[in-house]
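Quick mapping for you: the protein sequence lines, in order, are chains A and B. Numbering-wise (our numbering), the first sequence opens with residue 4 and increments by one. Numbering-wise (our numbering), the second sequence opens with residue 8 and increments by one.
By construction, these hints were calculated from the structure, which means they are not laboratory data. Just so you know, these numbers come straight off a predicted model, no measurement behind them. C-beta atoms are modelled at their ideal positions from N, C-alpha and C, and glycine is treated no differently. Any given hint might turn out to be false.
Not everything, but these chain A residues come out facing chain B in the computed CB check (under 7 Å) [stated by the list, open to error]:
hint, residue
1, 332
2, 335
3, 361
4, 362
No farther apart than 20 Å at their CA atoms in a straight line, the calculated lysine to aspartate or glutamate pairs in the EDC-like style are these [stated by the list, open to error]:
hint, chain 1, residue 1, chain 2, residue 2
5, B, 180, A, 392
6, A, 165, A, 130
7, A, 366, A, 398
8, B, 180, A, 386
9, A, 276, A, 46
10, A, 334, A, 354
11, B, 236, A, 386
12, A, 307, A, 267
13, A, 139, A, 168
14, A, 366, B, 237
15, B, 236, A, 398
16, A, 242, B, 73
17, A, 366, B, 183
18, A, 309, A, 323
19, A, 307, A, 278
20, A, 85, B, 237
21, B, 236, A, 151
So the chains spell out like this:
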Amino acid sequence: MKSFGVILASMVLILSSCISELEPVANLSGNADSILAITTPIDSTRRSIISGVYVVDSPSRRFGDTVAVQSRGSLITIFTVKDVVYFAMRGGLRDDSVLLSGYWRGVQGPLTGVAQLSIQPGEGGSDIAAGKGSGKGLILRGEIDVPELDRPEPLVLRKIEKEFERLRGFQIIAHRGGGRNSERLGVSENTKEMMFLSPVLGATGIEIDIQSTKDGVPIVFHDPTFTSRTVRSPYLIGKVSNYTYKNLQTLARLIYGERIPTLEEALIAVIDKTELSMIWLDVKAAHLTDSIIGIQKRAIEHAKFKGRNIRILFGIPDDDVLNAYRRSPLKGTSPVLCELDPHIVRELDADVWAPRFTLGLQKELVAEMQKEGRDVYVWTLDDTGFMIEYLRDGDFDGILTNYPTLLAAIFRTRIL
Amino acid sequence: MIRWFALSILILSMPVALQAQDSETSVNQDSIYPSRYVYSTRPVQIWDFKAAIGGAITLLPQPLTESPVPAPSIDLRARLGLPLNFMAFGRATSNIATSFVQSGLAWSFVLGDFSAGAGWSAAYMYGNLTFVDGFNTSQHRWLNYPMVTGTARFDEVILTVRIEAELMTSLTKRIETQTIVSSNNVYTGSSVTIAVEQPFWKNTQVLFGTTFSFSSNPYQSWFLYNTFKDRLLSTEFFMAFIL
Numbered sequence: 004m005k006s007f008g009v010i011l012a013s014m015v016l017i018l019s020s021c022i023s024e025l026e027p028v029a030n031l032s033g034n035a036d037s038i039l040a041i042t043t044p045i046d047s048t049r050r051s052i053i054s055g056v057y058v059v060d061s062p063s064r065r066f067g068d069t070v071a072v073q074s075r076g077s078l079i080t081i082f083t084v085k086d087v088v089y090f091a092m093r094g095g096l097r098d099d100s101v102l103l104s105g106y107w108r109g110v111q112g113p114l115t116g117v118a119q120l121s122i123q124p125g126e127g128g129s130d131i132a133a134g135k136g137s138g139k140g141l142i143l144r145g146e147i148d149v150p151e152l153d154r155p156e157p158l159v160l161r162k163i164e165k166e167f168e169r170l171r172g173f174q175i176i177a178h179r180g181g182g183r184n185s186e187r188l189g190v191s192e193n194t195k196e197m198m199f200l201s202p203v204l205g206a207t208g209i210e211i212d213i214q215s216t217k218d219g220v221p222i223v224f225h226d227p228t229f230t231s232r233t234v235r236s237p238y239l240i241g242k243v244s245n246y247t248y249k250n251l252q253t254l255a256r257l258i259y260g261e262r263i264p265t266l267e268e269a270l271i272a273v274i275d276k277t278e279l280s281m282i283w284l285d286v287k288a289a290h291l292t293d294s295i296i297g298i299q300k301r302a303i304e305h306a307k308f309k310g311r312n313i314r315i316l317f318g319i320p321d322d323d324v325l326n327a328y329r330r331s332p333l334k335g336t337s338p339v340l341c342e343l344d345p346h347i348v349r350e351l352d353a354d355v356w357a358p359r360f361t362l363g364l365q366k367e368l369v370a371e372m373q374k375e376g377r378d379v380y381v382w383t384l385d386d387t388g389f390m391i392e393y394l395r396d397g398d399f400d401g402i403l404t405n406y407p408t409l410l411a412a413i414f415r416t417r418i419l
Numbered sequence: 008m009i010r011w012f013a014l015s016i017l018i019l020s021m022p023v024a025l026q027a028q029d030s031e032t033s034v035n036q037d038s039i040y041p042s043r044y045v046y047s048t049r050p051v052q053i054w055d056f057k058a059a060i061g062g063a064i065t066l067l068p069q070p071l072t073e074s075p076v077p078a079p080s081i082d083l084r085a086r087l088g089l090p091l092n093f094m095a096f097g098r099a100t101s102n103i104a105t106s107f108v109q110s111g112l113a114w115s116f117v118l119g120d121f122s123a124g125a126g127w128s129a130a131y132m133y134g135n136l137t138f139v140d141g142f143n144t145s146q147h148r149w150l151n152y153p154m155v156t157g158t159a160r161f162d163e164v165i166l167t168v169r170i171e172a173e174l175m176t177s178l179t180k181r182i183e184t185q186t187i188v189s190s191n192n193v194y195t196g197s198s199v200t201i202a203v204e205q206p207f208w209k210n211t212q213v214l215f216g217t218t219f220s221f222s223s224n225p226y227q228s229w230f231l232y233n234t235f236k237d238r239l240l241s242t243e244f245f246m247a248f249i250l
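If we strip away everything but chain A, and leave its shape as in the complex, we get:
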């Protein structure tokens, strides 16, 4: 009978090998293409009329009481604190109305749905068409699909004030180029596609991870090894540094089918195709320090040539990279972000100090660093309560987060 226990234990062990999987999320786009075909783009003056803090006037409190609305090009985004939802809406002007179509998504869970919104002539549409007014009282009205409901739910948002801005500026920095694979955003972490999505999620800057191939090519990838978390290629196992760049081009397909970008192509893509204003290079390949700084400097030159105001920072996260940087002939020739102790930050004369959020607000140190002309970014803050406290009681110049949507909603609406 004792063998019964052994058999049962074996069964339990087999059962426990199950890995917790997150529910997949539908990839929606709404009806944006047909809306874009019948509307004209909204220019920058009109965009500022639309952007702002809105209250929810419809009965449902699905998205809380207050949301942030941002208008950029043909894209209008909405960010909520409650359930951490973002709306990605595209559209433009048609006569005296603004027509928008897209989707909404709660990034901490699987909820998503299509959304159709508009600004009617008598509800601010005429003012936008004429390019006048502050937009106060403007009404965004429409319907959203909700998975558990049979019919669309009405949504009415009313603008009450312009969005909050910090005098010194503030960076909403998205982790891994915009978000982790576990956020199920429909694009893989650390890819160009994710970097293009990051402004939609609320980011103004991104952090990307740099690994090395066997032949010394800096690539944008987080883990030192390939696992089913990051790749879907069955023949790709073991260390990333065991494969040449050519091997990876042939073999490596990320979770959503993308290729692993080189650092250089990722930087050029961000400069050329996004409005992001900061890139934090989280260097995980210390031996490539010279090569990475070289690419960083070329990208900065490219940005200048393109007239882009973007900050590209060489990140020093640990002693390996620190020692490699100290030995580098290129030391001191490009902007640096240092995560280490303040005395090392001062020794390197780093442009940015980036302490871990679990050390707290460190108000005096932050103030000293800022007085010395440095910015201070804190990482990686995802908790709503602490995000509010860090914004209200702290004085950081940027926060790195896996939820730029949440940070954008709190920061821009100033729900503190």
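Position chain B relative to chain A; hints supplied.
For chain B alone, kept in the frame of chain A given last:
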């Protein structure tokens, strides 16, 4: 919901007063090892105390950790027989960074080689990482665990299945001087435990089992500041020698 559950346990336990004499007899007659198990809720002699000491390893949810991360801990369990087929039980587990103390009451009845019961326990979790470089954080929680349980006896082996719900009534998170307090009855998830108690070697008796916990906020991973709404699986293996 908590009140209703407590009330239902009370109502369920009332007929036991009438059966008390019978059940004590059944314990003596039916149980081959009446005082050699700690996890089963099979009725035991009044004031009979038993404890077990061992270890547990929890595999933290992979979407949070991104790679398999085991969290080992020392594990103490005990139970005390009470009148009317009630039993007090408790657990203390710690790996310094995370400590968890739980105690509760359960009531059960016997049906031949089977027994079934229900119970309630309250627990306190304290997490502290101030001794780790780069962390100035701590957290504590109050938790409640209503549960139902079933036990089957197969000769010398006792198999117990326990289903618990987890209700978090208080959560306090601290980083440096910043403190966030929330105190709601939040249903965070449920767990299923399968445990076996059996003779091991010479006179020793062992308890081993696994808990499959589906929680949106597993206490073992408090330092990861989980933000997912999804309920994630964390698996705990435990083994203990019954003293």
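Against the structure, the hints:
1. Because the smallest distance between the Cβ of residue 332 (chain A) and any Cβ of chain B comes to about 31 Å, over 7 Å, the interface hint for this residue is violated.
2. Checking residue 335 (chain A) against chain B: minimum C-beta separation of about 26 Å lies over 7 Å; hint violated.
3. Given the 7 Å rule on beta carbons, the hint for residue 361 (chain A) holds: about 4 Å separates it from the nearest Cβ of chain B.
4. Here the hint on residue 362 (chain A) is kept, as its CB sits about 5 Å from the closest CB of chain B, short of 7 Å.
5. A hinted pair counts as satisfied when its Cα atoms are at most 20 Å apart, and residue 180 (chain B) with residue 392 (chain A) qualifies at roughly 12 Å.
6. For a cut-off of 20 Å, the pair hint linking residue 165 (chain A) to residue 130 (chain A) stands: about 16 Å separates their Cα positions.
7. Of the pairs offered as hints, the one joining residue 366 (chain A) and residue 398 (chain A) holds, with about 7 Å between alpha carbons and a cut-off of 20 Å not exceeded.
8. For the proposed pair residue 180 (chain B) and residue 386 (chain A), the alpha carbon gap of about 10 Å is at most 20 Å, so the pair holds.
9. Restraint check for residue 276 (chain A) and residue 46 (chain A): satisfied, since their Cα atoms lie roughly 18 Å apart, inside the 20 Å limit.
10. At roughly 13 Å between alpha-carbon atoms, residue 334 (chain A) and residue 354 (chain A) fall within 20 Å of each other, so this suggested pair holds.
11. Restraint check: the Cα-Cα separation between residue 236 (chain B) and residue 386 (chain A) comes to about 13 Å, which is no more than 20 Å; the hinted pair holds.
12. Pair hint residue 307 (chain A) plus residue 267 (chain A) holds up; C-alpha atoms about 16 Å apart against a cutoff of 20 Å.
13. Taking the CA atoms of residue 139 (chain A) and residue 168 (chain A), the gap is near 17 Å; set against the 20 Å cutoff, the hint holds.
14. For the proposed pair residue 366 (chain A) and residue 237 (chain B), the alpha carbon gap of about 35 Å is over 20 Å, so the pair is violated.
15. Our distance criterion of 20 Å between C-alpha atoms is broken by residue 236 (chain B) and residue 398 (chain A), whose separation comes to about 29 Å.
16. Between the alpha carbons of residue 242 (chain A) and residue 73 (chain B) the distance comes to roughly 16 Å, so the proposed pair stays at or under 20 Å and holds.
17. For the hint pairing residue 366 (chain A) with residue 183 (chain B), the CA-to-CA distance comes to about 11 Å; that is within 20 Å, so the pair holds.
18. For a cut-off of 20 Å, the pair hint linking residue 309 (chain A) to residue 323 (chain A) is broken: about 34 Å separates their Cα positions.
19. Between residue 307 (chain A) and residue 278 (chain A), the direct Cα distance comes to roughly 14 Å. Compliance with the 20 Å bound is thereby established for this hinted pair.
20. For the given pair, residue 85 (chain A) sits about 16 Å from residue 237 (chain B) by alpha-carbon distance, which is consistent with the 20 Å threshold.
21. About 16 Å separates the Cα atoms of residue 236 (chain B) and residue 151 (chain A), which keeps this hinted pair within 20 Å; it holds.
Of the hints listed earlier, those the structure fails to meet are numbers 1, 2, 14, 15, 18, in rising order.
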